[in-house]
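Sequence order for the protein chains is L and W. One point on numbering: in the numbering used here, the residue at position 51 of the first sequence is 51, and numbering is uninterrupted. If you count the second sequence from 1, you need to add 1000 to reach the numbering used here.
Keep in mind the hints are simulated off the structure, nothing from the lab. Among the hints, erroneous ones may be present.
[Claimed, not checked] Here are the computed lysine to aspartate or glutamate pairs in the EDC-like style, where the Cα-Cα straight-line distance is at most 20 Å:
1. Lys62/L / Asp266/L
2. Lys230/L / Asp250/L
3. Lys1037/W / Glu1159/W
4. Lys1074/W / Asp1038/W
5. Lys62/L / Glu262/L
6. Lys37/L / Asp79/L
7. Lys1062/W / Asp1355/W
8. Lys1230/W / Asp284/L
9. Lys230/L / Asp1281/W
10. Lys1074/W / Asp1284/W
11. Lys1230/W / Glu159/L
12. Lys1062/W / Asp1266/W
13. Lys230/L / Asp1316/W
14. Lys74/L / Asp38/L
15. Lys1230/W / Asp38/L
16. Lys230/L / Glu1262/W
17. Lys74/L / Glu262/L
18. Lys37/L / Glu225/L
Everything numeric in this text was worked out from a predicted model, so none of it was measured.
Number of protein chains: 2
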Amino acid sequence: MTATLFEAGQPLTLARGGRLDQVDVAYETYGRLSPAKDNAIFVCHALTGDAHAAGCHAGERKPGWWDNLIGPGKPIDTDVFFVICPNLLGGCQGTTGPSSLDPATGRCYGLDFPVLDMADFVTVHRRLLSYLGVRRLLAVVGGSLGGMQVLQWLLDYPEDMASACLIAASSRLTAQNIAFSAVAREAIMRDPGFHDGHYRETGDSPDVGLAIARMMAHITYLSEEALARKFGREPQTAQTDGQPPGFGADFAVESYLRHQGEVFLDRFDALSYLYLSRVMDYFDPFARPGAAEAAGRVRPSVLVSSFSSDWRFGADHSRRIVSRLERAGVPVSYRDIPSALGHDSFLLPIPRYLDTVRAFLSQALRQVRR
Amino acid sequence: MTATLFEAGQPLTLARGGRLDQVDVAYETYGRLSPAKDNAIFVCHALTGDAHAAGCHAGERKPGWWDNLIGPGKPIDTDVFFVICPNLLGGCQGTTGPSSLDPATGRCYGLDFPVLDMADFVTVHRRLLSYLGVRRLLAVVGGSLGGMQVLQWLLDYPEDMASACLIAASSRLTAQNIAFSAVAREAIMRDPGFHDGHYRETGDSPDVGLAIARMMAHITYLSEEALARKFGREPQTAQTDGQPPGFGADFAVESYLRHQGEVFLDRFDALSYLYLSRVMDYFDPFARPGAAEAAGRVRPSVLVSSFSSDWRFGADHSRRIVSRLERAGVPVSYRDIPSALGHDSFLLPIPRYLDTVRAFLSQALRQVRR
């Protein structure tokens, strides 16, 4: 479904000073809101996610991106909870973003789209809640960039939620994190198909740059061990890519990455990649003095979880969040889940991870109904 | 200096079946060969190195790439040793490579240049030794790809050397190592300026792809901690890159990477990047049964050294080399040098590292003169 949440007369004013006269938000919901409206869980997606978090759309065989966690009997149990998942502001799967039409000009925003901030995501998410008639959430849940949004929301409006669940998230990117995103953006913006961000009008698109960005990012989503287990040094036997000998996808891992780059083009937009990755770079909510004071007063219960082999947003990132929240008096539980699968673990059916999320949300529901 | 080491009538036959009718090799030497010819050290450079390992050329302020190790009084002491450093076959700094002119066609080889193997480097290195009148080396020394060449040489012709020094090297790339190189090659080959490898004739060049490749590789040469110490999240204050707000080099680390990408274009060639990185991918000398038998008979003394924060060719890679050599009876000494600076440590003046190399080479000289 899509809702127009901001429009001319009541525009969205952005944290960094810009303004959007129309904001449409695509979202999905799963399960049913209870009569007491006490079972709503808000799911925030990661950098390249979308509103389709669970189940299969008619005619599709691939389920939503968090189908391992969301569904009947699953940790985010849709027989029990009412789950809301919107596509992010700045995204490209139904919510207004830089490749949307600017109503003022009739052409795509491109780089005229205003620079976004994590707080803008929260503003839009809260408006969606009002629109859906939900006043308070049982939990706000997200992984990676999604977990960063959860943190922003928790700090700014802790009264909105009984609990919060931050998985493989960060409160502040490192220089290395920023560096990888910088190279990805460079690949996109220097692709001749980028046309200064107005590629939609040209029929061209920065496909090479976006594929390169995705391939590189994909390496960082997996642990070295995961890649070794999955591919090792296996040759790619069915080589049909027409490349000269020695410079095609000679190894299985090369073929896999190339495929990841290609399929990404069908579902993601280069401008969204720029805007959303930049929001992550700038995110640093604890830099504001007293950032966690309100959360320390309201005291929603918080679960922070990392994965042992995640070298993108690993335990160091989660521990920093935990210590800042603890210092402010927020009740926070922390798990570093053993997993060999790297950052992508947050998407995968790892039993200890699923158990942890299940237990946390069940406890949250018991507490609000106590 | 440049020497023509192979020419029509006595061509270079390559390990993977190709042939080169003319091979010129650029090289530098430092220090003097002793009357007994027992003090020669052969230096193998890394992926993007060249023959200019030490000192400053007239009019230049930047010394050679291993000036921290090579020079009067330095660990590779040019008052004591005679040092030879050639540019690699397939390179682009004076030695024949894929951007050289093919004498058969009068135009650049491009992707018609034959696929290379680590053994080809050794063949050319040995021919250079004959040319220079050096029969036996006191030591063969190299870091990263250079260390991999040392290993190939040690396994194939251990009688050529009294000792070998392998620094931050690998005997077999992991899937993650290959993956990073694969994305780099993809960025180069899919750059419209690549023209199927014949860019020299067009006046165009795959500058964007090569810069992206370098930027990405550069991240992997540094540890996360090195990047954090050097740049943290510092904003780039003097922003003059003309990029739209929010999408330029906003952070210092971005500006640094962009600079690394740009200056690389002046000194390196995209085709060499493809050919040399591919040699690394395929390198797996211990896959051959009995690979280290000859070295176990001849028993040159070997130093293997890694750096604690190197996540490209770290301790695991070195330990594999050590255990394979030990099993074959090669006398091998191993050091994992504490360093926060990542893979690039092998280029840097880290006291414990310099001391280790100095002690090893002094001991090697004492032994041959005993």
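Consistency of the hints with the structure:
1. Lys62/L / Asp266/L: 14 Å, holds
2. Lys230/L / Asp250/L: 16 Å, holds
3. Lys1037/W / Glu1159/W: 15 Å, holds
4. Lys1074/W / Asp1038/W: 19 Å, holds
5. Lys62/L / Glu262/L: Given that 20 Å is the threshold and the Cα spacing comes to 17 Å, the pair holds.
6. Lys37/L / Asp79/L: 14 Å, holds
7. Lys1062/W / Asp1355/W: This hinted pair is violated, its Cα atoms lying about 24 Å apart.
8. Lys1230/W / Asp284/L: Between Lys1230/W and Asp284/L the Cα gap is close to 19 Å, so the pair holds against 20 Å.
9. Lys230/L / Asp1281/W: 17 Å, holds
10. Lys1074/W / Asp1284/W: Measuring from Cα to Cα gives roughly 33 Å; hence the hint is violated.
11. Lys1230/W / Glu159/L: 40 Å, violated
12. Lys1062/W / Asp1266/W: Judged against 20 Å, a Cα distance of about 14 Å means the pair holds.
13. Lys230/L / Asp1316/W: With a Cα-Cα distance of about 19 Å, the restraint between Lys230/L and Asp1316/W holds, given a limit of 20 Å.
14. Lys74/L / Asp38/L: Holds - the C-alpha atoms of Asp38/L and Lys74/L are around 19 Å apart, at most 20 Å.
15. Lys1230/W / Asp38/L: Status violated; Cα separation ~48 Å.
16. Lys230/L / Glu1262/W: 35 Å, violated
17. Lys74/L / Glu262/L: 31 Å, violated
18. Lys37/L / Glu225/L: Violated. Lys37/L to Glu225/L sits at ~44 Å, over the 20 Å cutoff.
Violated hints, in rising order: 7, 10, 11, 15, 16, 17, 18; the structure is consistent with all others.
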